[in-house]
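S.K.: Each chain, written out:
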Amino acid sequence: MLEVTNKRQLAMSDNILIQGIPELDHFYAFNVKDGDHFKLNRTAYWVLETIGAGRGFEDLITRYMVEFEVDINNARKDLHEVILFALKNKIIREVSDEKEKKVPGL
Amino acid sequence: MVTSLIPDISLEDEFYFQWHLTERCNKACKHCYQQANPMKELALADLLAIVDHMEEALSKWGKKGTLSLTGGEPFIRRDVLHAIMDRIDSSSSFIYYDILTNGSFITPEEAQALAGHRLLRRIQVSLEGATAKTNDSIRGVGSFDETISAIRILRDAGIPVSVMTTVSKSNKDEVPALIDLLGKEGVATFALERLIPEGRGADLSDQILAPEELHDLYETVYRIAINGSPVRLLLYRPLFALVAPNDPSVGALCSAGNNALTIMPDATVFPCRRLPMPIGNVLEDGFFKIWYGSEVLWKLRNPKNLCRKCRECDLLTQCRGCRAMAYFTTGDYMAEDPQCWK
Numbered sequence: 013m014l015e016v017t018n019k020r021q022l023a024m025s026d027n028i029l030i031q032g033i034p035e036l037d038h039f040y041a042f043n044v045k046d047g048d049h050f051k052l053n054r055t056a057y058w059v060l061e062t063i064g065a066g067r068g069f070e071d072l073i074t075r076y077m078v079e080f081e082v083d084i085n086n087a088r089k090d091l092h093e094v095i096l097f098a099l100k101n102k103i104i105r106e107v108s109d110e111k112e113k114k115v116p117g118l
Numbered sequence: 485m486v487t488s489l490i491p492d493i494s495l496e497d498e499f500y501f502q503w504h505l506t507e508r509c510n511k512a513c514k515h516c517y518q519q520a521n522p523m524k525e526l527a528l529a530d531l532l533a534i535v536d537h538m539e540e541a542l543s544k545w546g547k548k549g550t551l552s553l554t555g556g557e558p559f560i561r562r563d564v565l566h567a568i569m570d571r572i573d574s575s576s577s578f579i580y581y582d583i584l585t586n587g588s589f590i591t592p593e594e595a596q597a598l599a600g601h602r603l604l605r606r607i608q609v610s611l612e613g614a615t616a617k618t619n620d621s622i623r624g625v626g627s628f629d630e631t632i633s634a635i636r637i638l639r640d641a642g643i644p645v646s647v648m649t650t651v652s653k654s655n656k657d658e659v660p661a662l663i664d665l666l667g668k669e670g671v672a673t674f675a676l677e678r679l680i681p682e683g684r685g686a687d688l689s690d691q692i693l694a695p696e697e698l699h700d701l702y703e704t705v706y707r708i709a710i711n712g713s714p715v716r717l718l719l720y721r722p723l724f725a726l727v728a729p730n731d732p733s734v735g736a737l738c739s740a741g742n743n744a745l746t747i748m749p750d751a752t753v754f755p756c757r758r759l760p761m762p763i764g765n766v767l768e769d770g771f772f773k774i775w776y777g778s779e780v781l782w783k784l785r786n787p788k789n790l791c792r793k794c795r796e797c798d799l800l801t802q803c804r805g806c807r808a809m810a811y812f813t814t815g816d817y818m819a820e821d822p823q824c825w826k
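First to last, the protein sequences are chains G and W. Per this note's numbering, the very first residue in the first sequence carries number 13; after that it's consecutive. Per this note's numbering, the very first residue in the second sequence carries number 485; after that it's consecutive.
Watch out, some of these pointers could steer you wrong.
As the list claims (entries may be wrong) - To give an idea of the interface, some chain W residues facing chain G are shown, with a C-beta separation under 8 angstroms as derived from the structure:
| hint | residue |
| --- | --- |
| 1 | E540 |
| 2 | A541 |
| 3 | K544 |
| 4 | F772 |
| 5 | K773 |
| 6 | G777 |
| 7 | W782 |
| 8 | R785 |
| 9 | N786 |
| 10 | K788 |
Simulated from the structure, these hints should not be mistaken for lab results. Just so it is clear, CB atoms sit at the ideal spot from N, CA and C, and this is done for glycine as well.
Please take these sequences and the hints and turn them into a complete structure.
M.R.: Okay, structure coming up:
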């Protein structure tokens, strides 16, 4: 299980660009150094865009619940899926303090 | 939620590079989109490094490369031309390449050297009419005979030749006769390009075809194509789709932003040679940063950014007009193609 803490910060990895053509429902994450590229859906794009804006994890959950009108359990489930994939593929990175409190369920 | 992307930005399995090795030219054609201004040229090591960048990008994108080597006049850089061709010949990333030249440096010896290159598909030369009078009024005295000579030398060496014509008011009526001539000369393919008011061609803006003139010309060429043309006519250009929207061999989307890039002699990259907007330098940035990050390319990719006429056109998926023609006539590269007759 991915361990993400309440105050842990997520950030875009170096060399990552996210791009979207909302009118066509096309969203992507790109590594401009090694050329890796990933197709995203609108939700994943929103999450990465929010992380890229420097939002903390608690803030991300709160904003996600409002943006997609879901409760906290569904927000955590959705975010877990996106963040796990993004971490695994080095689209984002954790900038964490191990002493911070863990987020329940994540 | 998220999946790995098998590249679907490009619609085709091919990716096209147009690579200008020099801006220098021994001609001064009146309609040229270049000004032949001096531009830094690269040493062979840097040029080969650009091929490395191409291979890296093609491999990552799962594409096969096609390439045009051109200038200016590319044979002015004969010092590096064959070495680049050797390098590409040995690559598994490319399907073929062409050379776009004015033909003036083609000798029997040069043709023999060219014939030995594995991935050389065609040599393209230009003729502006079926007569020396028409052609030479644009390309310079003697150039008609010089080009016909080059065609014959290349043909005799077994190298397929393509001919390109930039159509304007001064030569549109000669196109059928030119097609006949090219058939007799054993030319493999013929393509039309439109005069764009850029570079030296900006002085010929009064020669640009009106929409109905272009329409008539495209209809004429299409009729020749489907009625046994003596030379294969390449009709995959924007606006041709308006002539025969149900014929898949006719018309094409502009490749700028979709499946092509132009590289200039100093490694500057443009979306298209006719849309000279610098979007990076391949040696400094690499293709990934340019392809993924250029705001110009992202604007071009989104048809919603097109002007209303193009955006709402029922041929949006087949045409979208020429962005360079829009740019050089209106200042807005997403404006409507001013030669569209629809």
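S.K.: Give a verdict on every hint.
M.R.: The hints, checked one at a time:
1. E540: 7 angstroms, holds
2. A541: Holds, about 7 angstroms.
3. K544: Hint on K544 of chain W: holds, closest Cβ of chain G at ~4 angstroms, below 8 angstroms.
4. F772: Since the shortest Cβ distance to chain G is 4 angstroms, the answer is holds.
5. K773: Holds: closest Cβ of chain G sits about 4 angstroms from K773 of chain W, inside 8 angstroms.
6. G777: Hint holds; G777 of chain W Cβ to chain G Cβ min 5 angstroms, cut 8 angstroms.
7. W782: Holds, about 6 angstroms.
8. R785: 7 angstroms, holds
9. N786: 5 angstroms, holds
10. K788: The hint holds - K788 of chain W has a Cβ within 8 angstroms of chain G, the shortest such distance being about 4 angstroms.
Checked against the numbered hints above, the structure violates none of them.
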